[in-house]
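Number of protein chains: 4
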Amino acid sequence: MKMFSNDYLEGAHERIIERLAATNLEQTPGYGEDVHCERARELIRELCGDSEAYVKFLVGGTQTNMTVLSYLLRPHEGVISADTGHIAVHESGAIEAQGHKVITLPNHNGKLSAADLKEYLRTYWADETAEHMVKPGAVYVSFSTESGSLYTKDELKAIRKICRKYDMYLYLDGARLGYGLKSPECDLSLKDIYELTDVFYIGGTKQGALFGEAVVFNSSVSHKDFGYYIKQKGGLLAKGRLLGIQFETLFEKDELGDCLYFDLSAHADMLALRLRRELLEDGFSAYGESPTNQQFFVFPNKLLKKLSKKYTFSTWAPVDKDRTAVRICISWATKDEDVEKLLKDIRKAVEKLSSR
Amino acid sequence: MKMFSNDYLEGAHERIIERLAATNLEQTPGYGEDVHCERARELIRELCGDSEAYVKFLVGGTQTNMTVLSYLLRPHEGVISADTGHIAVHESGAIEAQGHKVITLPNHNGKLSAADLKEYLRTYWADETAEHMVKPGAVYVSFSTESGSLYTKDELKAIRKICRKYDMYLYLDGARLGYGLKSPECDLSLKDIYELTDVFYIGGTKQGALFGEAVVFNSSVSHKDFGYYIKQKGGLLAKGRLLGIQFETLFEKDELGDCLYFDLSAHADMLALRLRRELLEDGFSAYGESPTNQQFFVFPNKLLKKLSKKYTFSTWAPVDKDRTAVRICISWATKDEDVEKLLKDIRKAVEKLSSR
Amino acid sequence: MKMFSNDYLEGAHERIIERLAATNLEQTPGYGEDVHCERARELIRELCGDSEAYVKFLVGGTQTNMTVLSYLLRPHEGVISADTGHIAVHESGAIEAQGHKVITLPNHNGKLSAADLKEYLRTYWADETAEHMVKPGAVYVSFSTESGSLYTKDELKAIRKICRKYDMYLYLDGARLGYGLKSPECDLSLKDIYELTDVFYIGGTKQGALFGEAVVFNSSVSHKDFGYYIKQKGGLLAKGRLLGIQFETLFEKDELGDCLYFDLSAHADMLALRLRRELLEDGFSAYGESPTNQQFFVFPNKLLKKLSKKYTFSTWAPVDKDRTAVRICISWATKDEDVEKLLKDIRKAVEKLSSR
Amino acid sequence: MKMFSNDYLEGAHERIIERLAATNLEQTPGYGEDVHCERARELIRELCGDSEAYVKFLVGGTQTNMTVLSYLLRPHEGVISADTGHIAVHESGAIEAQGHKVITLPNHNGKLSAADLKEYLRTYWADETAEHMVKPGAVYVSFSTESGSLYTKDELKAIRKICRKYDMYLYLDGARLGYGLKSPECDLSLKDIYELTDVFYIGGTKQGALFGEAVVFNSSVSHKDFGYYIKQKGGLLAKGRLLGIQFETLFEKDELGDCLYFDLSAHADMLALRLRRELLEDGFSAYGESPTNQQFFVFPNKLLKKLSKKYTFSTWAPVDKDRTAVRICISWATKDEDVEKLLKDIRKAVEKLSSR
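Residue numbers (my numbering), protein chains in the order written: chain A, 10 to 365; chain F, 10 to 365; chain R, 10 to 365; chain L, 10 to 365.
Hints are computed from structural coordinates only; laboratory data are not their basis.
For clarity, every value in this text was computed on a predicted model and none was experimentally measured.
Each hint should be verified, as a subset may be incorrect.
Treat identical chains as interchangeable: a pair holds within one or across any two.
[Claimed, not checked] Below, a list of computed lysine-lysine pairs in the PhoX-like style, where the Cα atoms sit at most 25 Å apart:
(1) K127 to K330
(2) K166 to K319
(3) K174 to K233
(4) K127 to K233
Please put together the full structure from these sequences, using the hints given.
Encoded structure:
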């Protein structure tokens, strides 16, 4: 069985495992106060182009979202998200459990539109009874989105501008940041992300690490007492070094000036786009427009049944009674031959089905 | 200036004021343990047709909604509401502040539809990752709704049936319960409401009391420890007697077997429907279909400007650049001549505007 | 039966009832935006000696404490209180329900001591792992305290100084503020309270109103968005006028420049101290030192049994197998003859018991 | 520099690292639904002697405490803990952030006493105003405690009995469970712990794993929907396998029927007790009575200064102006020669200081 159902099916890139083994018996202070964390922070600050960027490591994505948003928002404030946003749908109410409403606007291919946002805020602030409605305190975007799509630099700038105007934070969920940034269709760099947001995180879990997310606060945003929040929300890893070692490995530069994090992302995107191209050529329809590692296709149910003996995908949505949209996730761990074999097996199955 | 902008503009029916004065120097224990509260509870239990119904008095509506829902839901559960529901829009995030998501479904003239509810639940429970999404633990309906509309007995039964099937509580917000029950279009009695819901409340604030809402738990639903919640959420009135005295006055029967609460409601509905009928005859359009004390009309902005010198209404929604939907609230305190005068002034203004 | 068990046994001073009746059919906007609230705010600002003081009216004490502390504290912060503080003991966990720890220090006759506070903070901030412990963000004091005692001006100043040093808010719970200020042993004025605290409230419920507490923010403290909190926590009274009318009545000046609020307080204190003096002369022991309306005595259980046919007191604490400490509450509603009669009945009962 | 400041200074036992490497490229479903987690659960159920025990893996201790207690308690309930309990002191208010008061009772060598507990509950339930005070819903004990001490079987039984009587859950924090169970002074087995508590957790982080805690619900206690809580509180590890693999390695039996978890614990305890014995013989005083891996001694400040060039300990408490209590943590990673060297260096330093 080969699984394409998501991008956290394997452990970690082998270099990470080696580094964990090599450093295993070092004694270090806990909670991220060790040399590995410090070096990882340095590497990330450098990528952001700001030696004053504030960097903290957490274990997982939901934990990170709830900790950051709890920090940025006051009790009467909510966060605006596309209705497909992870915080709106797939975190079992973690944001509400912190006391905050997730205010949803309709998504456009997985993205929030600046126009909708503007209209929502205009209406909100024009309302005499605004005080009886949750105050919008932050905007949440994901990059790449849950649908694999990407904000362009102009789109992000437009949202940013609105946030500034209405005195709201802009927070970017980068669970799949690398896959986003290395897409051929992306016109943003990590430095741009840093500059255009107030806080964002660099996802590790889905991008080659065992686990771990690196939260980055723009140096213009206060991070005072953020450490208390990490502890209180249960996100403070005793052996913080494990996070430092992983991000150090992912972001240190090789002789060519490249780093593992982006190499893995770029390779996965390349494979994903190859899969997309070939399946479209084969006559399949895409479900949405994704230029990143998550690919969505409409498949006949009969085909899916055949493939299910050898492959797992994510069921995304029913399309009609004979067809279903599925997500195929390519990851840092996917090999060229995995995609080749998948393509071959799809074609073989199609042939068999049509020859009946 | 005559205000029609809402139904809590005056103090209370004079009989309540008199009763408060008459009992003022009685000494009573606090927190609802006095004879007036006990008698008021008795009167309400009788109307519910169940001497085991559990009744508690709180001060306001938002307080009641958040206290009851916090009691009924576990931390991982949310409440389903029409997107126009008071808890979804106008409580400054009080439900989320208790940790619970308000899951919204599109309203149909202010109401939740059983069909939408069914489909939502079917999809939720069919999802393999349901555990990553907020568990629906209760359904919230308001009666009459924020749009003045009413659930029929059949509609409420259908929702009730779905709640039973999916093991969810059904909670009814009766801020305007009397106006709902006394509408000529209503086919439900208070006893029906009691029997078809798990918990509901009888609104006092908008229905002739100074303040106060009577929460009623069906005797089949546990109310163990509910008292702690009232205290913890800040809703426990030290001089609980004030609530008892008011509900006692509202619900005690006169020689004809009627009670003040419903007399006031019926009169307001009658006036509201008269206003509606006459304005429709005059050629105005209604905005939505309300058979209760809140009436919604589309008025030319020019007319509104003219009327604004003598009247206040609630601005509801812009319709187009020349017209606006407004809410005209008739209440327990509105007199026949208030409505007559309003109609006359509207007609006079229309005439003037058309004569230009 | 005559009850002395607390100070919220009756309705309100008759002048308040009259005023509520007289204004009953006025139409006013809701939520505290009416002329009565505005006038009451003016009167309170004047007493504070600061026309920029920010004043809001809430219904009850627990509600006020939780709303203000939720506003002043960030999620990782707690509030320091004497272990006898109302928020520490008698609010069913309302502060914790807002997410905040109540950090308790031992009380000294119901009061927090500056020395204990200083030592606690010194130790906290010297700890390397402070981030793993709740950050002290505010100090809570009550005046008069739950034990009837009073902070002197010097004591309050000392606590204030420490709060400033450690960047914490000082919040004063004035549920019985009047009884505190009018005690012959008090060396503080309302203006002093205003100047020495960041936020405090003027209790109405126990001081002659039907209900209501007036929160006052020092003008040097931000109150931005506090209105959202009142609504979200369920404390926004629709007919806010009821609060305005009551505080207007309590604080408007008569021809002598006095106001009802303080007249009632002074009279109750005078009666309470007379009761104290006479019972001490009779040979009873006081339980603690209270110079205000709450008086605590150690009574033989046999005496209590005898008195229980005609009187109620609060049981405070068992002293030994034969004696119990009880609280006798004198209030704005207590008459001279009530105290005289009580004294007579106590003496008669003592006589009977000793004559056996 | 050799660090003895805590028991999470190194990575993990090498067998865990090897196993992580060996399984690294296996594809597994996420969130604990993999074969490694299932096998680890099996091994733990076996140790508990109940094939119906419910086992879930979380990443860290604070996270586990807050998730379990949030599950066990209703909003109006609090948890009783010794005042030295981890949840009372060192979790930055994580329990309060879930809305629950931590009710503290004085510790006795780090332990809660059944007598204190009984008295607290007797008083609580005798109080007429109990509803105004947080309802005790659970009891928290740690084993071994934060002071290194151990409950005897009788002590735990006595607490258990009280919990049953007052309908409260008994929850045991086993961050250092192995060090507790393998102490020569312990008269409890893991099976006893399982049987005497409602929920407990087996600590991994301080006991040889990289991270991870195994929560165990007694089969008599409902665990319905606990999965939602893990996700909502941010504790659901995407690659749950990492937890399964570690606990599998720690608990699988070798040819002698032993398992790594207890071997490591026993060795650490043995070294710790040797250190204790020798230092007491040398004339040092212990600070408290600990029969487990954490040892507490009173050291002259001069000695500490000398040792600080080569060693780190935890400062525990000042004793007087010349002496300080410190904690020396022995862990799964400590070697015999580490302790020998430490003893030698202490003796050398003492000699030098006395020869001045």
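Evaluated hints:
no., hint, result
1, K127 to K330, "between (38 Å within a copy, 19 Å between copies)"
2, K166 to K319, "neither (44 Å within a copy, 47 Å between copies)"
3, K174 to K233, "both (24 Å within a copy, 18 Å between copies)"
4, K127 to K233, "between (30 Å within a copy, 23 Å between copies)"
Violated hint: 2 only; the structure is consistent with all others.
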